[in-house]
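Asker: Start from the sequences and build out the full structure, keeping to the hints where you can.
Protein chains: 2
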Amino acid sequence: MTYQNLDDLNQTLHSLDHALSVLSVDEAVNMPEGGGEARAEALATLAGMRHERAADPKVRDWIEEARKEDLTEDQRLALEEFDRVYTNLICLPAEFVRRKTEITTRTEQAWRAMRPANDWKGFEKELRKVIDLAREEAGLRSAATGLSPYDALMDQFDPGNRVDNVTPVFTRLKAFLKDFLPEVLAAQAERHHKRPLKKVIGPFPKANQKALAEAVMPVVGFDFTHGRLDESHHPFCGGVPTDVRMTTRYTEHEFLTSLLAVLHETGHAQYEQGLERLSAHWPHTQARGMGMHESQSLFVEMQIARSPEFWQWARVYVDQHIGTHALEDLDVEDIMAIVNLVEPGFIRVDADEVTYPLHVILRYELENGLVGGNLQVSDIPELWDAKMREYLGISTIDNPKDGPMQDVHWSAGLFGYFPSYTLGALMAAQQWAAMEKANPGARQQIAEGNFTRINDWRRDNIWRQGSRFSTPEIMRRATGEPLNADYFINHLKKRYL
Amino acid sequence: MTYQNLDDLNQTLHSLDHALSVLSVDEAVNMPEGGGEARAEALATLAGMRHERAADPKVRDWIEEARKEDLTEDQRLALEEFDRVYTNLICLPAEFVRRKTEITTRTEQAWRAMRPANDWKGFEKELRKVIDLAREEAGLRSAATGLSPYDALMDQFDPGNRVDNVTPVFTRLKAFLKDFLPEVLAAQAERHHKRPLKKVIGPFPKANQKALAEAVMPVVGFDFTHGRLDESHHPFCGGVPTDVRMTTRYTEHEFLTSLLAVLHETGHAQYEQGLERLSAHWPHTQARGMGMHESQSLFVEMQIARSPEFWQWARVYVDQHIGTHALEDLDVEDIMAIVNLVEPGFIRVDADEVTYPLHVILRYELENGLVGGNLQVSDIPELWDAKMREYLGISTIDNPKDGPMQDVHWSAGLFGYFPSYTLGALMAAQQWAAMEKANPGARQQIAEGNFTRINDWRRDNIWRQGSRFSTPEIMRRATGEPLNADYFINHLKKRYL
Chain X
1 MTYQNLDDLN QTLHSLDHAL SVLSVDEAVN MPEGGGEARA EALATLAGMR
51 HERAADPKVR DWIEEARKED LTEDQRLALE EFDRVYTNLI CLPAEFVRRK
101 TEITTRTEQA WRAMRPANDW KGFEKELRKV IDLAREEAGL RSAATGLSPY
151 DALMDQFDPG NRVDNVTPVF TRLKAFLKDF LPEVLAAQAE RHHKRPLKKV
201 IGPFPKANQK ALAEAVMPVV GFDFTHGRLD ESHHPFCGGV PTDVRMTTRY
251 TEHEFLTSLL AVLHETGHAQ YEQGLERLSA HWPHTQARGM GMHESQSLFV
301 EMQIARSPEF WQWARVYVDQ HIGTHALEDL DVEDIMAIVN LVEPGFIRVD
351 ADEVTYPLHV ILRYELENGL VGGNLQVSDI PELWDAKMRE YLGISTIDNP
401 KDGPMQDVHW SAGLFGYFPS YTLGALMAAQ QWAAMEKANP GARQQIAEGN
451 FTRINDWRRD NIWRQGSRFS TPEIMRRATG EPLNADYFIN HLKKRYL
Chain G
1001 MTYQNLDDLN QTLHSLDHAL SVLSVDEAVN MPEGGGEARA EALATLAGMR
1051 HERAADPKVR DWIEEARKED LTEDQRLALE EFDRVYTNLI CLPAEFVRRK
1101 TEITTRTEQA WRAMRPANDW KGFEKELRKV IDLAREEAGL RSAATGLSPY
1151 DALMDQFDPG NRVDNVTPVF TRLKAFLKDF LPEVLAAQAE RHHKRPLKKV
1201 IGPFPKANQK ALAEAVMPVV GFDFTHGRLD ESHHPFCGGV PTDVRMTTRY
1251 TEHEFLTSLL AVLHETGHAQ YEQGLERLSA HWPHTQARGM GMHESQSLFV
1301 EMQIARSPEF WQWARVYVDQ HIGTHALEDL DVEDIMAIVN LVEPGFIRVD
1351 ADEVTYPLHV ILRYELENGL VGGNLQVSDI PELWDAKMRE YLGISTIDNP
1401 KDGPMQDVHW SAGLFGYFPS YTLGALMAAQ QWAAMEKANP GARQQIAEGN
1451 FTRINDWRRD NIWRQGSRFS TPEIMRRATG EPLNADYFIN HLKKRYL
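Residue numbers (the working numbering), protein chains in the order written: chain X, 1 to 497; chain G, 1001 to 1497.
Everything labelled a hint here was simulated from the structure, so no lab data went into it.
Straight-line Cα separation of at most 25 Å, PhoX-like style, residue types lysine-lysine; simulated pairs:
hint, chain 1, residue 1, chain 2, residue 2
1, G, Lys-1129, G, Lys-1401
2, X, Lys-387, X, Lys-178
3, G, Lys-1210, X, Lys-206
4, G, Lys-1494, G, Lys-1178
5, G, Lys-1194, G, Lys-1494
6, X, Lys-100, X, Lys-401
7, G, Lys-1401, G, Lys-1125
8, X, Lys-210, G, Lys-1210
9, X, Lys-206, G, Lys-1206
10, G, Lys-1206, X, Lys-210
11, G, Lys-1121, G, Lys-1387
12, G, Lys-1058, X, Lys-58
13, G, Lys-1493, G, Lys-1178
14, G, Lys-1387, G, Lys-1401
15, G, Lys-1493, G, Lys-1437
None of the values given here were measured: they were computed from a predicted structure.
Answerer: Shown next as structure tokens:
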């Protein structure tokens, strides 16, 4: 049976992915400095071996032959998802991939050097080449998939996401947020006036923060028999589903930021740990995509961990592992004021829940223009500034390093990736609403530290769905309707007004 | 050029080895329990890919063709060592390898179950199959290499070791030790009478012991930019030369055992870290073999770390990292009495420097008989007991679990491996003598914590030689003469009488 050839191939690829993943985690967490060169070489060789096998032209024949075989419904889904992955894998010629690697590596280096110098003009020359690449790549992907160019880029990160569906949702969200933000800031000022914003005052030793994280994580749903928590410079969630490696970093003067980051990564980790174990080597059982992944991290961080009910429960853990002094003078309302503080700013990664989507929508609008060709690299600074002033009331025109030069994504050739962040936030809110409808006691359960029913819903409706369906289809099946910004909007209104 | 094909192949194998090695370290040090199954699967798949590429029949043609090419002297050495490795790799048919894996896996399981029950009769039935395998393997290896059967087995672990050279050395050593051991025990009793053996009394917290290890290691010569120290159940030295992963374990009631184990592994680590970096993917630059490796660990543990000069220097580090209470009432002579205590016992891995070789020689003598066919499995218990009584004055006849059932090696199908332990001890003593001849201040340098010249000698004469020559040839080049038991014997006399 030809299906068996594909099964064997997936087993091989899965083992190589296992190695690549664990080696990368080890590099970030454990590897001494001098191990870097040999590690990079090993990773490159293994990645090359993976590509060589995965992109073998005979795989196309296997897919076509397997289609004619007597397959179960699950095997049929597996085959279709495998086909989609294969098509996306082989649609770029080797020459293009080499050229892209070369140009984006150089542009990333340029970005690293020129950003501190605020040198947009120097950077613009390099970025122009990357935009040309992005247009070329979008064309190649479009030709292979039959999607429009920008859709073909988005489809890599969340299969099924389309401009035709995303743009109306973003338009509605933007219109709402532009009015909502001033209201939130006024309401927040009013609250701070009545009740000044408090501070948690350290030092909070690292060992205590780690103990707190390791006490909270398993209750929320992290399985320590299939994962661990380490430290790294940039927090991430890596490893493999049976052995998820989460990392965080700690600063001793403050503990809430690290704890919330741990809970964010816990959401990612639960998704991986909750995937189906059978056929784990086939793509259709793997996590759906970047936006769906972000919906899981934001479900825990935003829907659960920044809620008052969470802190009714969690503060006992803080008392126990950090000490009663940590939150001594703060009640839950004070904690809410700290963890849900809204402050418009330049930098996306530092943004709060309310302003974050505006950063993303700005990039989405620019990317559509850049990839579509009706916007040039030289237009970016003015347009960025105009949008920042319109959306957040702040200007970046004299400060490109905190404007269009703030992210590495474009230098790295990542286009179509930004929307997933905000789509993840919208999906998380919509999932919460659907889950709460089926489980109306959810908020009370959180206050009691009982996450079982909440996680059961997520496991059935999201984790176990793997990549069997497109991102929008998983959402429709899980929540009974297409993506709808209302849930996120209502969530914001309830939390911030 | 065909040589280039081999270079590419070695690069691929090297990257796979890198992955296998780091994944194995991660498994022992970091992996949560639930990650085991997927890890085992990934390791097996990668090992299979490695074997498939390494044992490709066309490699034989490449070797023959490359021989006719215009090669540098180093490339010629590289090619010959590669040929040796290839010959050893392909000489076992796949069917045999599968059968061996199956039988040894089952025998190891039987050993684990039957050893606690002291069930020699039950175990004997299983072991008989492994001995049959060992004879068959020795025959296959002998046919492929032209060596005698037992030489062909030893050659896997230390290329160039031959019964004709090892037996006379072991015979001389055994004769010496049989007389020497009672003398040592008498002299030791005399010393203890005059000056009772002292004890170090804990608890010594793990964090302090780790700090002590990490302070001593770099001075002795471990490079922390190319390695790290972790914890694992069984201490080992793994990883790759640019990123050596050493492990140890700590018990809080005692710190000397762990520190000496760390220093033992440091010797292994220095060998790996000191290998040539150019052509690191070719076998001729890699560590020579098991006995040579053991010579490096024993050089540090036995020649350096159990000497009085070492403790003149190291006790300040103990005071600083463990506390002055740790060695408060002990002078260097007391420490020597503790770390060099001689006590004949049943168990090889617990044996001291004096009795250890007798355990090894016993196994070497039995293995020669078992592989050669003039000894049967049923003969083992009586012969083991007779030799133990003769060499160490203790009987194991009623206690096979601490006699022939104490080690897993034979169950695992490892024959020809034991001699390397003692050859390592002999080589370390001979290397020390040669080094000290060139650097007569070596003992004084240790007392001052200055290991530069000692390590320079090891780097030039051992580490940088890689696998360019056979084990005996590296010894001859390094010390000016063939393996000679006198150096070890003189070392023992000096230390223990």
